[in-house]
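Asker: Sequence:
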Amino acid sequence: MAETQTTTTSAVVQPEKTEPEAPAVIPVDVDKIYTKEELSIHNKDGDLWIAIDGTVYDLTKFSEEHPGGKKILLGVSGTDASKKYRKYHGDNILQRYAKDYKIGTINIEAQESKGLFSRFRKKK
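Under our numbering, read the sequence shown as residues 1 to 124, first letter to last.
Just to be clear, a hint being listed does not mean it is correct.
[What the hints assert, rightly or not] DSSO-like mimics (lysine-lysine), calculated; alpha carbons at most 27 Å apart, straight line:
| id | residue 1 | residue 2 |
| --- | --- | --- |
| 1 | Lys83 | Lys99 |
| 2 | Lys84 | Lys99 |
| 3 | Lys36 | Lys83 |
| 4 | Lys99 | Lys87 |
| 5 | Lys70 | Lys102 |
| 6 | Lys84 | Lys36 |
Calculated from the structure, these hints are not laboratory results.
The whole structure should be built from the sequences, with the hints applied where relevant.
Answerer: Right under this line is the structure:
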């Protein structure tokens, strides 16, 4: 009679390595059109939006990194900052940061039209 030899091997089962879940990314609709009123409420530390040349940017996170300081951005937050921006920056800055901070465009509301010849009317 032949003896049967059995060998037992034990294997340690390692739990699968799982990547930590990335935080949910809230999609930003960069085609959203904001009103001046919507822009104007984002005017404080922790909620800082500006418009430059018709484009709205959320600079809340960038305000800490701004070379001129957060105070400068807070001074124009919630407004169309195009003139102040152009005074100190060139297009190259917008090209560098726009994709990271652009959140939409501003709806340029039709201003009251005074008519073509309104400048020539006699004032009462």
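Asker: In ascending order, which of the hints set out earlier in this document are inconsistent with the structure?
Answerer: none
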